[in-house]
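Participant: Letter by letter, the chains look like this.
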Amino acid sequence: MDKPNIVLTGFMGTGKTTVGKMLARQLDYDFVDTDELIEARAGKTVPEIFQEMGEVAFREMESTVARELADQQGVVISTGGRLMLDPGNAAALSRTGRVFCLVATPEEIMDRVTKDTSHERPLLAVPNPMERIVELMQQRQEDYGQFPQMRTSEKTPDAVTKNLVGLFQANPDQRLPITGAGKQYEYIVGGGLLPFVKNLAGIAGPVAIITDTNTGPLYAQSCGPVDVVIEVPPGQQNKTLAVVQSICEELIEKGFDRSGTIIGLGGSVISGLAGFVAAVYMRGVDLVHCPTSLLAMVDTSIGGKAGINLPQGKNLVGAFKQPTAVIADVATLQSLSPEEFSSGMAEVIKHSLIDDAALFAQIEDGSWAREAGTLVPPLADLQALVAQAIQVKIRIVQEDPFDKGRRNVLNLGHTFAHAIEQVCEHTIRHGQAVAMGLVASANLSARLGHCAPELQARLKPVLADAGLPTRIPAHIDLPRIYEAMRRDKKAASGRIRFILLRAFGDVFVSDTVTREEVMATLEDIRG
Amino acid sequence: MRKAVSRHCDSRRGRHDDRGFDIMKQLRIKGASGASTLLVGEPLRHLPSYLTTPPPIIITDENVRRLYADQFPDGHVITIGTGENIKTLDTVARIYTELMHLEADRSCCIVGIGGGIVCDITGFVASTYMRGVRFGFVATTLLAQVDASVGGKNGVNFGGYKNIVGTFNQPDFVLCDLEMLPSLPEEQLQSGFAEIAKHAAIADAGMFAYLEQNTRRALGLETDVIERLIYDSLVIKSTIVNQDEREAGERRKLNFGHTFGHAIEKVTGVPHGQAVSMGMVLAAELSRQRGLITAQEEQRLKDLLVQLRLPLRKTFDREAVLEALGKDKKRERESVHFVLLQGLGNAVVNDIPLSELRGLQGF
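Just so you know, the protein sequences line up as chains A and B, in that order.
The working numbering numbers the first residue of the first sequence as 1 and each following residue consecutively.
The working numbering numbers the first residue of the second sequence as 1 and each following residue consecutively.
If you're looking for bench data, these hints aren't it; they were derived computationally from the structure.
Among these hints, one or two may not hold up.
[Unchecked claim] Below are the DSSO-like pairs computed for lysine-lysine, each with C-alpha atoms no more than 30 Å apart in a straight line:
| hint | chain 1 | residue 1 | chain 2 | residue 2 |
| --- | --- | --- | --- | --- |
| 1 | B | 162 | A | 254 |
| 2 | A | 404 | B | 30 |
| 3 | A | 314 | B | 162 |
| 4 | A | 254 | B | 266 |
[Unchecked claim] Simulated coverage check for chain B against chain A, where a stretch passes if three residues somewhere in it have a Cβ under 8 Å from a Cβ of chain A:
| hint | segment |
| --- | --- |
| 5 | 87-100 |
| 6 | 125-131 |
| 7 | 153-162 |
Yeah, the Cβ is synthetic: ideal placement off N, Cα and C, and Gly gets one too.
Modelling step: build the complete structure from the supplied sequences, incorporating the hints.
Facilitator: As structure tokens, this is what we get:
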């Protein structure tokens with residue numbers, strides 16, 4: 001698609017029309033305001049349509065307009081306040097356009113609406129419009145939340161336009177080629193990519209989306225029309241053989257065959273599940289990963305590892321399944337909770353420790369703790385961060401597609417982390433456990449004389465800034481952690497394999513660490 | 001077509017039978033999912049020499065364990081039930097649990113000792129446990145030796161579909177123990193011979209003639225004859241599979257006799273080998289009708305099957321068979337990919353309308 005549309009949605013008075021016109025001028029796009037288009041066609045104003053024909057008739061007109069505009073390109077579309085809240089309309093317009101939701105405070109909206117006399121606002125024809133605005137905003141908060149948000153309060157229309165152009169233009173998608181196991185595919189990272197997933201991934205046949213009940217309602221329809229959407233309950237506890245079987249049963253039921261492509265839309269649990277299903281369903285169908293968590297973007301979506309858990313441990317059953325593409329839409333990171341975001345940062349920091357000292361320094365200088373419900377950090381920074389972190393993993397898995405050697409280094413901190421998670425019965429997040437594991441690895445490396453103690457001292461504040469723990473919870477039984485490490489699938493014939501640090505960006509593998517040294521480290525970093 | 005496969009006799013240990021013949025043949029095949037060594041005439045008791053990290057974990061079924069446990073090498077044995085109904089994810093999950101209890105790690109080696117069902121389950125478990133561990137087979141039935149143990153396909157059934165969940169993955173080795181064949185029930189041997197005849201018919205006129213001349217000795221399970229037939233079958237199957245490990249093009253030829261065979265098996269419940277035999281007869285008739293083989297060649301195939309004590313036809317509900325044949329998963333079809341003979345020892349795949357199949361005389 002040469003000129004994807006730009007679709008502006010949001011509450012009344014957020015500046016959709018004003019900003020939309022400026023945006024169109026700047027990008028040399030056409031501009032359409034859906035309300036104006038409907039008024040022109042009906043020969044009536046919106047309030048007249050509401051009054052004479054009823055709201056249902058108006059919503060039908062909106063759907064018709066949405067479908068028509070979805071077939072065009074190079075248009076900035078300013079939508080009526082509720083148009084994009086209809087799933088059908090949103091799906092149609094998302095298919096060919098990037099959607100942005102403009103937001104403002106109720107006070108600012110009241111102010112703008114009162115000043116703008118060119119429009120009548122039938123929904124506000126009530127005794128206390130301010131109360132009504134707050135009420136409506138609350139009602140629609142969740143629906144608007146599915147789209148990338150752009151704050152407009154205390155900003156001039158010029159500034160908002162500039163921000164949007166920046167998001168849309170100055171930040172082109174990055175395409176990172178990956179060769180693994182004889183297959184080549186692309187890792188594409190950018191903002192607002194989901195509507196283009198089928199084009200970007202080159203999917204022709206039937207499509208089944210496998211997602212979870214949190215992610216599906218937010219983003220499944222952004223991917224355009226598909227043949228099957230299967231939502232599974234979220235969480236590690238659902239990464240089981242039983243869930244795999246139920247997914248396969250549903251695929252059979254829907255007549256999904258070998259010519260199809262499975263899209264895994266979600267975090268790392270979904271990457272593992274969808275990957276495993278794609279590896280074994282009818283002995284293998286095509287797979288596209290659409291990671292929606294930072295953890296999945298910088299880690300689990302590439303490398304071809306797919307797996308499920310057994311009661312005895314994580315990822316004990318699995319397969320190697322290379323995707324045909326990975327589409328990382330960083331706009332989806334905005335729906336992550338701060339804890340989930342932090343969890344992903346643990347892997348980003350891990351990658352920097354393994355092979356990118358410059359990235360570590362960059363994280364050290366920046367602020368990466370994400371506040372809930374805001375666009376901090378900005379999409380462009382997120383995209384750059386994801387692209388840089390994933391390149392560490394790409395370099396390493398390319399050297400070792402089947403996990404026979406070099407790839408071990410990606411397990412930095414993970415020998416500890418998997419054991420800690422298991423002993424905590426998965427009540428803590430993977431990223432939190434990885435953060436503890438990274439500190440443990442640095443501690444162990446210093447203890448064995450491989451690296452300077454300062455490494456640990458620099459690492460801890462970086463983890464803490466990202467909202468991550470640096471100590472093992474006091475209540476955990478340390479000998480049980482050691483026992484769990486011994487049972488890990490990477491423990492060959494009872495020897496535990498550790499990744500140790502020499503310096504930032506310099507790691508190596510060792511399986512000669514003694515129990516005493518490991519226990520001393522665990523004691524040392526216990527809370 | 002044998003060029004793609006290196007074949008040579010094994011002389012590492014210089015074992016000979018009482019007449020001084022080399023009694024083991026070895027074949028090495030390379031597929032996209034790995035390399036595999038097939039050893040024909042290598043008995044179960046030699047299994048330890050193929051294990052790099054003993055002791056192995058053995059997966060077998062009740063029957064094989066009862067008969068041959070004394071020949072198993074040291075190692076933990078996981079026993080499953082028998083029959084197609086055991087090929088489920090439940091069985092797989094039970095094996096995972098046992099492996100975890102054994103603290104089996106990535107360095108372990110799993111050996112499936114049994115027929116096609118044991119091979120399918122072992123292949124799937126070994127391909128997925130810890131994302132894949134080393135595995136091999138000791139094929140104990142003639143059918144497994146000539147068919148199921150090679151090709152790299154594995155899988156389990158559910159929802160009424162066979163092998164709906166599985167992978168492609170080659171075992172490190174397959175031992176075909178000829179000493180076990182005499183203990184097989186007649187029906188099991190028939191299934192193996194039907195596949196042997198199929199391989200000869202689709203790919204090797206020389207093997208076909210050899211089989212014609214040696215049916216009595218083959219049925220008597222004489223070592224030199226049976227070894228050559230298994231070896232030739234493996235060369236044919238692995239050559240086709242090497243060319244086309246995943247796709248249905250060249251590999252479709254292996255379905256000769258199976259399009260009708262599966263439908264007849266489903267409708268009448270006759271053993272697999274008998275159903276395939278009847279399927280081959282119908283496919284040969286269609287090949288002759290289309291002018292691809294002569295009436296004489298058709299007769300040679302029928303005679304061979306009779307000599308192998310396989311049935312040419314039985315009475316069955318032809319409408320039910322046609323219906324079963326026209327149903328592919330959930331889709332209704334107008335035509336089917338059908339394997340026809342173009343002379344004995346050569347096969348082609350054509351799209352045949354169901355109406356043409358309906359008109360076959362042998363029906």
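Participant: Hint by hint, say whether it matches the structure.
Facilitator: Now the hints, each set against the structure:
1. 162/B x 254/A: holds, 17 Å
2. 404/A x 30/B: holds, 20 Å
3. 314/A x 162/B: The hint holds at about 29 Å.
4. 254/A x 266/B: Roughly 24 Å separates the two Cα atoms, so the pair holds.
5. 87-100: With 6 residues closer than 8 Å to chain A, the segment 87-100 of chain B meets the three-residue bar; holds.
6. 125-131: With 5 residues close enough to chain A, the hint holds.
7. 153-162: holds (count 5)
Going through the hint list in order, the structure satisfies each hint without exception.
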